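Take the given structure of chain A and dock chains B, C, D, E, F, G and H to it, following the hints.
Okay, here's what each chain looks like letter by letter:
There are 8 protein chains.
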Amino acid sequence: MSWTVYLSGEIHTDWREQIEQGVKAAGLDVSFTSAVTHHDASDAAGDHLRDNDNSFWRDHQSSKVNLIRTKTLIEKADLVVVRFGDKYKQWNAAFDAGYCAALGKPYVTLHDDSIIHPLKEVDAQALAWAQTPSQVVDILKYVVAA
Amino acid sequence: MSWTVYLSGEIHTDWREQIEQGVKAAGLDVSFTSAVTHHDASDAAGDHLRDNDNSFWRDHQSSKVNLIRTKTLIEKADLVVVRFGDKYKQWNAAFDAGYCAALGKPYVTLHDDSIIHPLKEVDAQALAWAQTPSQVVDILKYVVAA
Amino acid sequence: MSWTVYLSGEIHTDWREQIEQGVKAAGLDVSFTSAVTHHDASDAAGDHLRDNDNSFWRDHQSSKVNLIRTKTLIEKADLVVVRFGDKYKQWNAAFDAGYCAALGKPYVTLHDDSIIHPLKEVDAQALAWAQTPSQVVDILKYVVAA
Amino acid sequence: MSWTVYLSGEIHTDWREQIEQGVKAAGLDVSFTSAVTHHDASDAAGDHLRDNDNSFWRDHQSSKVNLIRTKTLIEKADLVVVRFGDKYKQWNAAFDAGYCAALGKPYVTLHDDSIIHPLKEVDAQALAWAQTPSQVVDILKYVVAA
Amino acid sequence: MSWTVYLSGEIHTDWREQIEQGVKAAGLDVSFTSAVTHHDASDAAGDHLRDNDNSFWRDHQSSKVNLIRTKTLIEKADLVVVRFGDKYKQWNAAFDAGYCAALGKPYVTLHDDSIIHPLKEVDAQALAWAQTPSQVVDILKYVVAA
Amino acid sequence: MSWTVYLSGEIHTDWREQIEQGVKAAGLDVSFTSAVTHHDASDAAGDHLRDNDNSFWRDHQSSKVNLIRTKTLIEKADLVVVRFGDKYKQWNAAFDAGYCAALGKPYVTLHDDSIIHPLKEVDAQALAWAQTPSQVVDILKYVVAA
Amino acid sequence: MSWTVYLSGEIHTDWREQIEQGVKAAGLDVSFTSAVTHHDASDAAGDHLRDNDNSFWRDHQSSKVNLIRTKTLIEKADLVVVRFGDKYKQWNAAFDAGYCAALGKPYVTLHDDSIIHPLKEVDAQALAWAQTPSQVVDILKYVVAA
Amino acid sequence: MSWTVYLSGEIHTDWREQIEQGVKAAGLDVSFTSAVTHHDASDAAGDHLRDNDNSFWRDHQSSKVNLIRTKTLIEKADLVVVRFGDKYKQWNAAFDAGYCAALGKPYVTLHDDSIIHPLKEVDAQALAWAQTPSQVVDILKYVVAA
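Protein chains in written order, with our numbering: chain A, 1 to 146; chain B, 1 to 146; chain C, 1 to 146; chain D, 1 to 146; chain E, 1 to 146; chain F, 1 to 146; chain G, 1 to 146; chain H, 1 to 146.
Bound-form chain A, shown alone (with noise of 0.2 angstroms):
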């Protein structure tokens, strides 16, 4: 079986890129999916449809344009990651832990031991706390062996 894992979450350090690299070092059949990761190109996703003044519709035609990705792709995921790093207020990664939640899709969280106390209702839930990429890829190589 191919498992398809979603990485939601921190868009400004390379944790995807160290997970993506070692499950290819390790040769699982593993794809991954996420959101767009570029951040202007987000933020921007709805201008073209018309322009706003005001900052709270900008945002809210971008986001949902978003969404048609990002809702499509965690739905098919088999497991999603999600990442917290140590800036930011980062709700939308904590949205997608609940989405996930309540659909009983599988989650595996990321994040260092400095935000263990905010992060325990989100972590209540997953079905493991890893510190490091290294350790989502170890859950992977184990998870995804034949």
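Simulated from the structure, these hints should not be mistaken for lab results.
Predicted model, so just to flag it, every value in this text is computed and none were measured.
Only pairs whose alpha carbons sit at most 30 angstroms apart, straight line, appear in this in silico DSSO-like list of lysine-lysine:
| id | chain 1 | residue 1 | chain 2 | residue 2 |
| --- | --- | --- | --- | --- |
| 1 | B | Lys76 | E | Lys76 |
| 2 | A | Lys89 | D | Lys141 |
| 3 | G | Lys87 | H | Lys89 |
| 4 | C | Lys76 | D | Lys76 |
This is chains B, C, D, E, F, G and H only, laid out in the frame that chain A set:
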């Protein structure tokens, strides 16, 4: 019809009371539910089960006990109001919103305009964005009207 | 058993009142729900949240506030009656019918025979087509009978 | 991932072809489905089963045969585009949109700004409103990108 | 807890009355629902909507009106009893059983041992096969006991 | 798209072969599935598990083994054709139709006009009633067309 | 809100009574349900339907009659407590836990620490592990609090 | 059609190999999945994430990592075979069976006749009870046949 509204998020200001009083003043047939909002009690919700040296497992244990309550009450609610304040990470609030989105459960957000951008994915699936508790009361007056 | 019937569609004639009076006269245990049927109030449902220069976003904001009410009431109804009159586009009525069809929620249509052809897809999944409010009352007398 | 997009609504202009050509030109991995778009064939879809004097039952019979196709294709689509033109009642298009909304199936609308107001309930649950086929192509370019 | 039991199938013997009297005599908190069991009224359920020359459409119209009632009542029932007698085709009873099976709705069958073989697929998903109404009453006494 | 059609019901005439040949002649991308249609093999499907003196349990055991196959194939089908002939009780066919109805799985019936009345509840939720295998082929030609 | 708690598992000690008394003493708005806990009555639940020489079919028949009750009560419960004692196989308790897990129904386990390891898969999806009935009462005091 | 069969339960005998060889010898289009069946590896599945002094949390952590694999594979299987041997508690096997029952996923049990009574609830919802691996192979030969 009697409506049940779950109030999720920030526990350090009196927004819940403001909404409840506004609704009471308006004489609406609405009842409110929420997580246990006493911070220390919530953190200690599972402590009576067994002691844990490790903060991750202590939090894990308590979060799951809280989940017995919150999962049930959210699923029984007709509407969820998700409040984001200006402090703390509040990932649990975003998580609840994602949970509602996946269930198709109507939710509205309550936050000021300084955090529009980081909440754009959460607002994208909300049925309204309110900036003040009295706006939430106004929404309820409208939607609950016989 | 008490039945709940949601009345969807046309708001410019008294078809709702005719059905409600017929049911009341028959002494049936049926209660009725519907969207807010005051046209101006409905269009302005979200105006108290924030002003919008743009008519698309004004409509969007109000429609979502209305959705809090209509989505909940449709999902709680035992039967939906969808009325198409001879004026306006009435896409919201067809939308409600499609929503019911996907949920497996029983609905009946109420329209005259001049619009059979354009409503054929809507009628295809309806459990009855009535031409007059009194026919809807007759259906209710029959199906609700102890 | 290969995407499947169902094109619902207006059958008297070439909007489907414009989108298909734009997507082909962009080299996207997208396939398209739709109802049978030949008007007379669609109206006659059930005629071979038995003759009907009554226009209601003739339409009923054909609509259900069409439903075998459309229900299946909509449920298998990753995205539905719902087109409203400037003629006819087009209740079937609004019906499809409501069907998608209840399924949680992403859909976008395609219509010009003269009909914003009557489509407000349909647009309220759409993930985007496009005014031209090329805007739909732009959305697909963005969401389908690897 | 109060139990609701839907009684499906044969309408030409008094098996419903026997079960209802047995349950009443036992003082159980059970209420009963069923289709309209007056044969002629049931066949004519849609006649007030419009006349049909064609017997197929007349039956179709009435069956759908009956469905408003039966679909709702079956879905609300805690248990369905499906009775097969020794006359008629009784495909509607088998249809109801299949409907229950797909919903995961518990049902029991009531028939004598002369029709075990043709009912084997229906009995395969039933939670009990009773041969007499008093056996159904015994089942209810057991399962409903506080 | 490739379509899968499950053929349910009568096993004593060659209606399955007629449909399959018609579809093959038309070059449609349709594959067919069905229960095991060899009568004696089907009745004996569970006999290798253990002997049963009692005919009820022998039938029960075999029916459940058959269910492993039929339940899976029906749920994977895009369309189900349910055939009623002029012999036997055929409750399994009506059961399959009810199963499809509850799942929202499209099905069509195939029977002659002498049994319209006893099949009215089964036909009420079918998307078509065909009287001959060639009419089923015609339906498939229409709905499967690219 | 009134809570309903289903008590699953061991029937040879008084853990149910301990929980019920603790809850009563605390004045909580909780009602309890469970399988029929009289061992002999449960084993004989289907005996009145027909005699069986074969122990497999006797057990089968009775288990299904019990299922009418247990399936319904578990699905209606807000919380399930699953008790594992130190005797017997207790596969039915683990089965109930798996049933809850698939439904997304919250459950907690009640067992001592000598059987942590064999219950690890059951505990993995539980929202709490209690070692004594009074700990279950404490959980209820917390989660049910207004 | 290719079938996928998940093999759940006992890991200390070669029943999986017997089934796989029998199926291979018969040339059936069936593929098999299962949990990681190496006992020590399974117990240590989460150890690389962090060390735990406490055996409960060590087991909890590993069980959840295993769940990423087992939950996904069970949900993708067409049939689950649940094996109970004569040693150990095997609550995970009963848990998997309950999980399947709630999903409506077909499963068969494989156990000898000495444990009929304690497995009666598990067998009640199974589609077959086999006593030997070769009987499971026979079931597959029958249900998978083209």
